[in-house]
Structures are given as C-alpha cells and as structure tokens.
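Trainee: As given, the protein sequences belong to chains A and B, one line each in that order. Residue 406, in the working numbering, is where the first sequence stops; the numbers in between run on with no holes. Residue 406, in the working numbering, is where the second sequence stops; the numbers in between run on with no holes.
Hint data in this document are derived by calculation from the structure and do not stem from the laboratory. Where a beta carbon is used, it is the ideal one built from N, C-alpha and C, also for glycine. Treat the hints loosely; a few may be bogus.
Within a straight-line C-alpha distance of at most 30 Å, the following computed DSBU-like cross-link-like pairs (lysine-lysine) qualify [stated by the list, open to error]:
{"no.": "1", "chain 1": "A", "residue 1": "Lys219", "chain 2": "B", "residue 2": "Lys301"}
{"no.": "2", "chain 1": "A", "residue 1": "Lys216", "chain 2": "B", "residue 2": "Lys306"}
{"no.": "3", "chain 1": "A", "residue 1": "Lys84", "chain 2": "B", "residue 2": "Lys301"}
{"no.": "4", "chain 1": "B", "residue 1": "Lys367", "chain 2": "B", "residue 2": "Lys331"}
{"no.": "5", "chain 1": "A", "residue 1": "Lys84", "chain 2": "B", "residue 2": "Lys331"}
{"no.": "6", "chain 1": "B", "residue 1": "Lys219", "chain 2": "A", "residue 2": "Lys107"}
{"no.": "7", "chain 1": "B", "residue 1": "Lys301", "chain 2": "B", "residue 2": "Lys219"}
{"no.": "8", "chain 1": "B", "residue 1": "Lys216", "chain 2": "A", "residue 2": "Lys84"}
{"no.": "9", "chain 1": "A", "residue 1": "Lys107", "chain 2": "B", "residue 2": "Lys331"}
{"no.": "10", "chain 1": "B", "residue 1": "Lys84", "chain 2": "A", "residue 2": "Lys216"}
{"no.": "11", "chain 1": "B", "residue 1": "Lys301", "chain 2": "A", "residue 2": "Lys107"}
{"no.": "12", "chain 1": "B", "residue 1": "Lys84", "chain 2": "A", "residue 2": "Lys107"}
{"no.": "13", "chain 1": "A", "residue 1": "Lys219", "chain 2": "B", "residue 2": "Lys367"}
{"no.": "14", "chain 1": "A", "residue 1": "Lys219", "chain 2": "B", "residue 2": "Lys387"}
{"no.": "15", "chain 1": "A", "residue 1": "Lys153", "chain 2": "A", "residue 2": "Lys127"}
Partial pick of chain B residues on the chain A-facing surface, computed with a CB cut under 7 Å [stated by the list, open to error]:
{"no.": "16", "residue": "Gln9"}
{"no.": "17", "residue": "Asn43"}
{"no.": "18", "residue": "Ser177"}
{"no.": "19", "residue": "Asp181"}
There are 2 protein chains.
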Amino acid sequence: MSLEITDRQIMTPGPTMVDPRVSQAASNAILGQFDPAFTQIMNENMDFIRKAFQTKNYWSFPIDGASRAGLEAVINSIVSPGDKVLVPRMGRFGDLAVELATRAGGKVITMDTDWGTVFNQEDIIKKINEVKPKVLAIVHGETSTGRLQPIDKIGAAAKTVGAFTIVDAVASFMGVSIPVDDWELDAVIGGAQKSLSAPAGITPITFNERFADEIKLRKRVEAGVATSESDISENYINSNYLDLTQLMDYWSPARLNHHTESTILNYTLHEALSLAVENEGIFERFNRQIKQQQILKEGLKKLGLKIFGDEDHEMPNMVAVEIPEGVAGDKIRAILLNDYGVEIASSFGPMAGRIWRVGLMGYVAQKHYVLRFLSIFASVLAQNGVKVNTALALNWVTEAYHELEN
Amino acid sequence: MSLEITDRQIMTPGPTMVDPRVSQAASNAILGQFDPAFTQIMNENMDFIRKAFQTKNYWSFPIDGASRAGLEAVINSIVSPGDKVLVPRMGRFGDLAVELATRAGGKVITMDTDWGTVFNQEDIIKKINEVKPKVLAIVHGETSTGRLQPIDKIGAAAKTVGAFTIVDAVASFMGVSIPVDDWELDAVIGGAQKSLSAPAGITPITFNERFADEIKLRKRVEAGVATSESDISENYINSNYLDLTQLMDYWSPARLNHHTESTILNYTLHEALSLAVENEGIFERFNRQIKQQQILKEGLKKLGLKIFGDEDHEMPNMVAVEIPEGVAGDKIRAILLNDYGVEIASSFGPMAGRIWRVGLMGYVAQKHYVLRFLSIFASVLAQNGVKVNTALALNWVTEAYHELEN
Numbered sequence: 001m002s003l004e005i006t007d008r009q010i011m012t013p014g015p016t017m018v019d020p021r022v023s024q025a026a027s028n029a030i031l032g033q034f035d036p037a038f039t040q041i042m043n044e045n046m047d048f049i050r051k052a053f054q055t056k057n058y059w060s061f062p063i064d065g066a067s068r069a070g071l072e073a074v075i076n077s078i079v080s081p082g083d084k085v086l087v088p089r090m091g092r093f094g095d096l097a098v099e100l101a102t103r104a105g106g107k108v109i110t111m112d113t114d115w116g117t118v119f120n121q122e123d124i125i126k127k128i129n130e131v132k133p134k135v136l137a138i139v140h141g142e143t144s145t146g147r148l149q150p151i152d153k154i155g156a157a158a159k160t161v162g163a164f165t166i167v168d169a170v171a172s173f174m175g176v177s178i179p180v181d182d183w184e185l186d187a188v189i190g191g192a193q194k195s196l197s198a199p200a201g202i203t204p205i206t207f208n209e210r211f212a213d214e215i216k217l218r219k220r221v222e223a224g225v226a227t228s229e230s231d232i233s234e235n236y237i238n239s240n241y242l243d244l245t246q247l248m249d250y251w252s253p254a255r256l257n258h259h260t261e262s263t264i265l266n267y268t269l270h271e272a273l274s275l276a277v278e279n280e281g282i283f284e285r286f287n288r289q290i291k292q293q294q295i296l297k298e299g300l301k302k303l304g305l306k307i308f309g310d311e312d313h314e315m316p317n318m319v320a321v322e323i324p325e326g327v328a329g330d331k332i333r334a335i336l337l338n339d340y341g342v343e344i345a346s347s348f349g350p351m352a353g354r355i356w357r358v359g360l361m362g363y364v365a366q367k368h369y370v371l372r373f374l375s376i377f378a379s380v381l382a383q384n385g386v387k388v389n390t391a392l393a394l395n396w397v398t399e400a401y402h403e404l405e406n
Numbered sequence: 001m002s003l004e005i006t007d008r009q010i011m012t013p014g015p016t017m018v019d020p021r022v023s024q025a026a027s028n029a030i031l032g033q034f035d036p037a038f039t040q041i042m043n044e045n046m047d048f049i050r051k052a053f054q055t056k057n058y059w060s061f062p063i064d065g066a067s068r069a070g071l072e073a074v075i076n077s078i079v080s081p082g083d084k085v086l087v088p089r090m091g092r093f094g095d096l097a098v099e100l101a102t103r104a105g106g107k108v109i110t111m112d113t114d115w116g117t118v119f120n121q122e123d124i125i126k127k128i129n130e131v132k133p134k135v136l137a138i139v140h141g142e143t144s145t146g147r148l149q150p151i152d153k154i155g156a157a158a159k160t161v162g163a164f165t166i167v168d169a170v171a172s173f174m175g176v177s178i179p180v181d182d183w184e185l186d187a188v189i190g191g192a193q194k195s196l197s198a199p200a201g202i203t204p205i206t207f208n209e210r211f212a213d214e215i216k217l218r219k220r221v222e223a224g225v226a227t228s229e230s231d232i233s234e235n236y237i238n239s240n241y242l243d244l245t246q247l248m249d250y251w252s253p254a255r256l257n258h259h260t261e262s263t264i265l266n267y268t269l270h271e272a273l274s275l276a277v278e279n280e281g282i283f284e285r286f287n288r289q290i291k292q293q294q295i296l297k298e299g300l301k302k303l304g305l306k307i308f309g310d311e312d313h314e315m316p317n318m319v320a321v322e323i324p325e326g327v328a329g330d331k332i333r334a335i336l337l338n339d340y341g342v343e344i345a346s347s348f349g350p351m352a353g354r355i356w357r358v359g360l361m362g363y364v365a366q367k368h369y370v371l372r373f374l375s376i377f378a379s380v381l382a383q384n385g386v387k388v389n390t391a392l393a394l395n396w397v398t399e400a401y402h403e404l405e406n
C-alpha cells in the first residue's frame with residue numbers, strides 16, 4: 001500500500017504547513033545517537049532553542065513527543081504528590097494543565113475567566129500571594145479561544161512566594177516574543193507544529209537553574225545504572241521517559257544513555273529553527289505573522305463576519321471567527337477540506353459550533369495563502385447561503401497588500 | 001547553520017540504517033491530524049502493525065515516542081501501586097523493565113540468570129506459579145547480551161494464575177517471528193529503529209481485549225472532557241501522554257482529541273511496514289537477516305574472533321563478539337566511526353569493554369554491507385596489532401555468498 005499524500009492548504013492552529021526545506025531535511029540518512037556528527041546537531045538544536053526563547057538557560061532541549069509530552073515532562077518533574085498548583089484557566093488548554101498537574105498528584109487550585117477573555121495579571125498575582133502555590137502553571141497562547149495572556153509580570157511575583165512559573169507557550173512559540181529570562185519564567189514549553197512550522201512529535205522546552213535545582217532533589221538514577229542507595233530518591237518522578245533529571249544527563253556532556261533520540265525530528269527541528277532564528281529572524285517572523293493576521297482579520301470583517309473575543313488580547317498568529325447564526329460550521333469546514341483541500345479548525349467545549357479558528361502560523365502566513373483562503377472561503381459561504389461582501393473584502397485586502405509591499 | 005548529514009554504515013543494534021524509500025516518505029507535506037487523508041494512513045498503520053505481530057488485536061497502534069515510551073505506556077497503564085510484577089532479568093533491558101515497573105508503583109520481584117544466557121521457560125513458569133504476579137514483564141531480544149529468550153509457553157502459563165504477560169520485543173520485532181496470538185501474549189512492544197529499519201521516535205505496540213478490559217478499569221476522562229464524576233477513576237494512570245485508555249479513544253473511530261500525532265513518523269512507519277509486510281514479507285525478512293548474520297558470524301570466527309554467549313539462544317539480527325584480551329574496544333570503535341564512517345556498538349554494565357555488538361537489522365543486512373564491514377574491521381584490527389586471518393575469512397564468506405546466490 002503506497003503512501004499517498006495529497007496537497008493541503010492547512011490554516012488551522014496546528015499542525016501547520018511545513019516549509020519544503022524543512023520537509024527535505026527529514027529525508028536525510030540516519031545517524032547513531034552517540035555519533036559526534038549527531039551530538040553536534042543536538043548541541044546546535046540546544047543553541048537554537050535558547051535563541052528562540054531569548055534565554056541563557058543551559059537546559060534548553062527538545063522532548064521526544066507531542067507538545068503535551070513536553071508539558072507533562074515539566075509538570076511531572078516539579079509537582080510532587082500534595083504540592084499546590086495554581087492554574088488560571090481561560091480555555092481548553094488550561095484544563096489540560098489541571099489534568100496534568102492532577103495526574104502528577106498535585107493539589108490543584110484554579111481561577112477562571114470567561115472563554116474569550118484573559119486575566120488581569122494583578123488578579124493572578126493576588127491569587128499567587130493568597131494561595132502560595134509551589135507551582136503556577138499558565139497558558140500563554142490559548143488556541144481554543146485565540147487569546148494571548150499577558151505574562152510579563154507574574155514570574156517575578158511567583159518567585160517572591162517561592163513558586164515556580166511554568167508557561168505553556170506551545171501555540172505562542174515563534175508567534176510572539178517570549179523573553180524567558182526577562183520575564184523570569186522558570187520553565188517554558190514551546191511547540192514544533194505551530195508557528196515554528198516543523199513536523200509534530202518533538203517539543204522544545206527550556207528551564208532555568210532554579211528549576212533544575214528543585215527537580216534534582218527528586219533524581220532517581222535508573223535501576224542497573226545506580227551505583228548506590230543514595231542514587232535513588234524516595235520522592236522520585238513517576239515517569240522514566242519524561243523524567244527531566246534523566247534527560248538532563250542525556251542532553252549534557254555526560255550523554256548518559258536514556259532513550260534513542262528521534263533522528264529525523266531533530267533534523268527537522270534543526271532546519272526549522274535555523275530558518276526562523278538565522279534566515280528570517282524571530283522578530284521578523286513575529287512581524288510577518290501579525291501583518292498577515294491583521295489583513296486576514298480585516299478581510300473577514302469586510303466580508304461581513306464577526307471576530308470572536310477580546311481583540312485587545314488576541315493571538316497574533318490566528319483568527320477566531322464567529323460562525324454566523326444558523327450556519328453549520330462543520331459542514332463549511334468539510335466542504336473546504338474535501339472539495340478545496342483547505343483546512344481550518346473548529347474549537348472545543350463551549351466554543352464548539354460557535355467559532356472557526358483560522359491559523360496564520362509560520363509558513364502559511366503568506367499573501368498567496370491568505371488571498372486563496374479568503375476568496376475560497378467567501379465563495380463557499382456564499383454558495384451556502386451566507387451573505388458576504390466578497391468584492392469589498394478582496395478589494396480592501398488587495399489594496400492592503402499593495403501598501404505593505406510599497 | 002545548515003544541516004550536514006554524513007554517510008554512515010550503521011551496524012549497531014539500533015538506531016539502524018533506513019531504506020531510502022522510507023527516508024523519502026518523511027519528506028512529504030503535512031496533513032492535519034483529523035484529515036481523512038491522514039486518519040486513513042493511521043488506520044493502515046494499525047493494520048500493518050497487526051500483520052507484523054501476526055495478531056487479530058484491534059489495539060495495534062504506534063506510541064509517539066521512543067521505544068521506552070511504548071514500554072512505559074504499557075507498564076504504566078496496567079501496573080497500579082502495590083501490584084506484583086515479575087521480571088526475569090538477563091541483561092540491561094531487564095533492568096529497564098524493573099525501573100519502569102517500580103516507577104509505576106509496582107512491587108517488583110526479579111529472577112536472574114547470567115548475562116549471555118537465557119531462562120528455561122519452565123523456571124519462569126515455576127516462579128509465576130509461586131509469585132502469582134499481576135504482571136509478568138519480560139524481554140524477548142536482550143540486545144545488551146545479544147540473547148533471544150524463548151517465550152512461546154509463558155503467556156499461557158501466566159494466564160492460569162490471572163497474570164498479564166508483557167513482552168519487550170523492541171529489538172526482536174521484525175527480526176524474528178512473534179506470533180502474538182498463538183503465544184497468548186497480552187501486550188507486546190516493538191521497535192521502529194531496529195529490524196523494521198524506520199527512524200526512531202515512534203513505537204508500534206499491540207495488546208489484546210483481556211489487557212484492554214483490565215486497563216479500562218483505570219480510565220480517567222480528561223478534565224474539561226469528562227462529563228460526570230463517574231468518568232474519573234480514583235486509581236487513574238499517572239501519565240496522561242502515555243495513558244493507553246486515552247490513546248484507545250484517539251486510535252479508534254471515536255478519534256477523541258488527545259495529542260497531535262506525529263505526521264512524518266507515521267509516514268515513515270507506513271513506508272517501512274509496507275516494505276516489510278507487503279514488499280518483502282516478514283518471514284522473508286527474518287530469513288534474510290539470519291542468513292546474513294550466520295555468514296558474518298562465521299566470517300568473524302574465521303578471522304579468529306570469539307562469539308559471546310550461548311549460541312543456541314542468540315538474536316538472529318545481531319552478533320556479540322568478544323573483544324580480544326588486551327584490545328581497547330572503544331578505540332577500535334572510534335577508528336571505525338571517525339575514519340571509516342562505520343558504526344558498531346559497545347555494551348552496558350558488566351558487558352562494557354567485553355563485547356562489541358554488530359547489528360544486522362533490517363536494511364543493513366545485505367551482502368555488500370557485510371563484506372565492506374568484514375574487510376574494514378579485519379584491516380583495522382590488523383593495523384592495531386590483532387592477529388586476524390583476513391584471507392581465510394573473506395574467502396569463506398565470498399564462497400558462502402556464492403552458494404547462497406546459486
């Protein structure tokens with residue numbers, strides 16, 4: 001059965017389209033995991049990840065697994081049974097943080113705001129001081145609602161009560177500036193398959209020495225590798241695969257054997273980070289995405305559609321559009337995908353059936369993709385009885401691109 | 001920094017060389033995780049995995065992570081705190097089973113045999129009856145010593161005391177026949193980067209309904225997805241990412257959102273399994289590997305080297321060679337890798353410095369690779385003062401290939 005991959009224009013909040021140069025990187029031959037030719041690539045990836053997170057953290061490396069493997073590795077390594085974990089929740093990925101902290105045995109305290117809004121940082125800081133958690137786990141880019149939570153002040157505040165700040169930046173990574181050191185964030189998890197435009201299955205993370213010192217207290221050297229009783233902590237991390245203290249030994253000059261690192265996902269990560277950090281520049285990338293997002297958003301408004309949520313706090317790499325009254329959102333999505341090969345997303349929980357989510361993450365944030373999408377989307381809506389001002393929208397967007405290019 | 005991949009002849013027990021057709025599969029464009037074009041590939045992968053394991057198990061799918069992620073998913077999902085886990089241990093990967101079962105909270109009972117030997121199944125069965133464990137976790141192909149543990153009788157025996165049999169077949173998968181249903185094995189973990197010759201980072205597993213029914217008792221529907229208190233088990237699995245009950249919902253028509261499946265590793269898995277199951281045939285592959293292994297082994301003997309361990313129970317896809325007295329094994333390996341681009345492996349723990357491990361897994365099990373390796377290896381040994389009968393060995397091997405081909 002031969003593999004048949006059709007051409008798709010993917011405009012979801014992930015997994016996203018990948019630059020063909022990144023895809024080609026995956027087709028290289030395998031290198032052994034301790035081959036100096038490969039460990040050099042691993043080291044370069046660490047350096048790229050540091051640059052992407054604007055951090056000096058030595059501990060900047062990828063986890064071999066989906067984004068939630070990265071989240072779980074970080075949360076599971078720091079949260080011991082009974083530890084208090086504060087989770088401000090504004091959407092589905094806040095729920096995920098609750099879920100992961102609970103599985104780690106944490107005592108979870110939540111605070112909530114309506115889906116489509118964000119928290120005032122002062123409210124979070126007040127709660128931090130009240131609860132005095134061991135860990136604050138917060139989502140930066142909440143794709144379920146398309147909101148971007150301001151987080152520049154909470155890291156310092158958490159530190160004053162001895163708390164560690166963990167940020168789920170899976171969807172905001174490479175979409176918006178995240179100066180990890182300046183914001184005093186202890187551990188941050190990025191995503192490969194969002195604005196970095198790399199294939200899913202590998203997840204860049206970074207954490208500081210303060211975080212590292214804390215999790216080292218739970219270090220358990222593997223059975224068969226331990227040389228003394230003192231190598232085995234009683235309060236050890238309940239995962240081996242996602243135990244950051246073991247991964248630190250693997251991703252350091254010690255190169256202690258742990259798992260076999262995913263060769264080709266390190267290749268694609270390398271190429272995608274090289275394109276973002278070196279070729280394009282991260283600020284240029286942020287700029288490109290938000291410009292495309294602004295144009296698409298205005299185009300959708302001109303069509304006659306409504307944008308969902310608090311526009312002052314939206315993610316700059318996606319648009320959440322309200323599904324017009326009486327329109328079957330999933331039917332429109334199915335037509336787009338099956339007939340036109342264009343994919344947009346629905347959402348979760350209370351948002352299901354209420355919004356479409358259109359991604360402008362990484363590679364797809366380009367003029368021709370935006371124009372193709374807008375014209376196809378307008379046609380499909382019109383064909384399905386939605387009144388849209390196609391000419392008005394396309395005129396405006398074409399003019400906007402004209403200005404952008406001159 | 002552009003990605004530079006040098007050419008290596010990898011003859012380790014993994015990660016192994018990959019057929020260029022498999023590498024090319026990785027360079028295809030991304031598909032969304034719920035795109036029917038992608039879920040079809042997922043379904044085909046399930047079917048390929050069933051064929052590879054000679055099983056009717058519906059639950060046959062890959063885990064997004066290294067082999068030990070597959071092992072941890074299986075062990076963690078079935079072992080609750082306090083459960084008795086019996087681990088017969090004959091090498092480093094037995095230690096890993098101990099480690100994983102311990103982290104899951106299991107009460108581990110081990111039995112040991114000298115490294116380089118295997119267990120008599122009757123002894124294991126006696127211990128099963130004595131200990132009456134909930135889980136028997138055993139390694140099939142123990143690459144640290146190169147031994148293949150017979151396991152055709154233990155599954156049925158374990159079942160009589162209500163135990164579940166878990167087999168680490170990471171290194172034996174696609175190297176030797178594993179009729180999962182006939183042998184009554186409850187859960188088996190294969191490897192991508194061994195005899196399947198696929199890139200590392202994804203791990204095929206299979207488990208039966210008996211196993212599925214047991215782990216379902218621990219099912220916890222994710223916070224934010226759960227609709228009632230009854231969706232949340234008290235004795236839930238401590239991982240979310242590696243929770244098989246959630247992965248079952250993702251890898252079934254329910255297609256419940258969990259993580260974003262690794263697109264390109266599903267492509268490579270598809271191509272590698274298609275080549276093994278359809279193009280070559282699994283029994284033909286087993287046959288090809290053992291023939292190459294027999295020839296290489298005899299060639300190494302003719303050179304004057306000694307083969308390590310019990311030859312009646314060796315893995316058919318690798319050779320464990322004793323490092324001659326006084327020879328610095330790692331120095332020879334470094335010369336082979338750095339000067340010739342040929343990689344072989346050392347081993348772990350008590351085997352370190354005592355044996356070299358030469359893999360004949362999947363793609364590399366071909367005449368020209370064996371001949372290249374043997375002549376280079378002989379030359380390097382000779383150059384480093386080891387007395388070897390190069391002409392004798394190469395004459396014998398050349399003649400053996402002549403017979404094989406006629």
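Trainee: Each hint needs a verdict: does it hold in this structure or not?
Mentor: Hint check:
1. A/Lys219 to B/Lys301: violated (44 Å)
2. A/Lys216 to B/Lys306: Distance of about 43 Å is beyond 30 Å: violated.
3. A/Lys84 to B/Lys301: violated (62 Å)
4. B/Lys367 to B/Lys331: holds (26 Å)
5. A/Lys84 to B/Lys331: violated (51 Å)
6. B/Lys219 to A/Lys107: Given pair B/Lys219, A/Lys107 holds - Cα atoms ~20 Å apart, limit 30 Å.
7. B/Lys301 to B/Lys219: Roughly 53 Å separates the two Cα atoms, so the pair is violated.
8. B/Lys216 to A/Lys84: At roughly 29 Å apart (the allowed maximum being 30 Å), A/Lys84 and B/Lys216 satisfy the hint.
9. A/Lys107 to B/Lys331: Violated. A/Lys107 to B/Lys331 sits at ~52 Å, over the 30 Å cutoff.
10. B/Lys84 to A/Lys216: Measuring from Cα to Cα gives roughly 29 Å; hence the hint holds.
11. B/Lys301 to A/Lys107: violated (61 Å)
12. B/Lys84 to A/Lys107: holds (28 Å)
13. A/Lys219 to B/Lys367: Cα-Cα ~46 Å, so violated.
14. A/Lys219 to B/Lys387: Cα-Cα ~46 Å, so violated.
15. A/Lys153 to A/Lys127: Roughly 13 Å between the alpha carbons, so the hint for A/Lys153 and A/Lys127 holds.
16. Gln9: violated (10 Å)
17. Asn43: Where the cut-off is 7 Å and the nearest Cβ of chain A is about 11 Å from B/Asn43, the hint is violated.
18. Ser177: Constraint on B/Ser177 not satisfied, violated at 22 Å.
19. Asp181: Hint violated; B/Asp181 Cβ to chain A Cβ min 23 Å, cut 7 Å.
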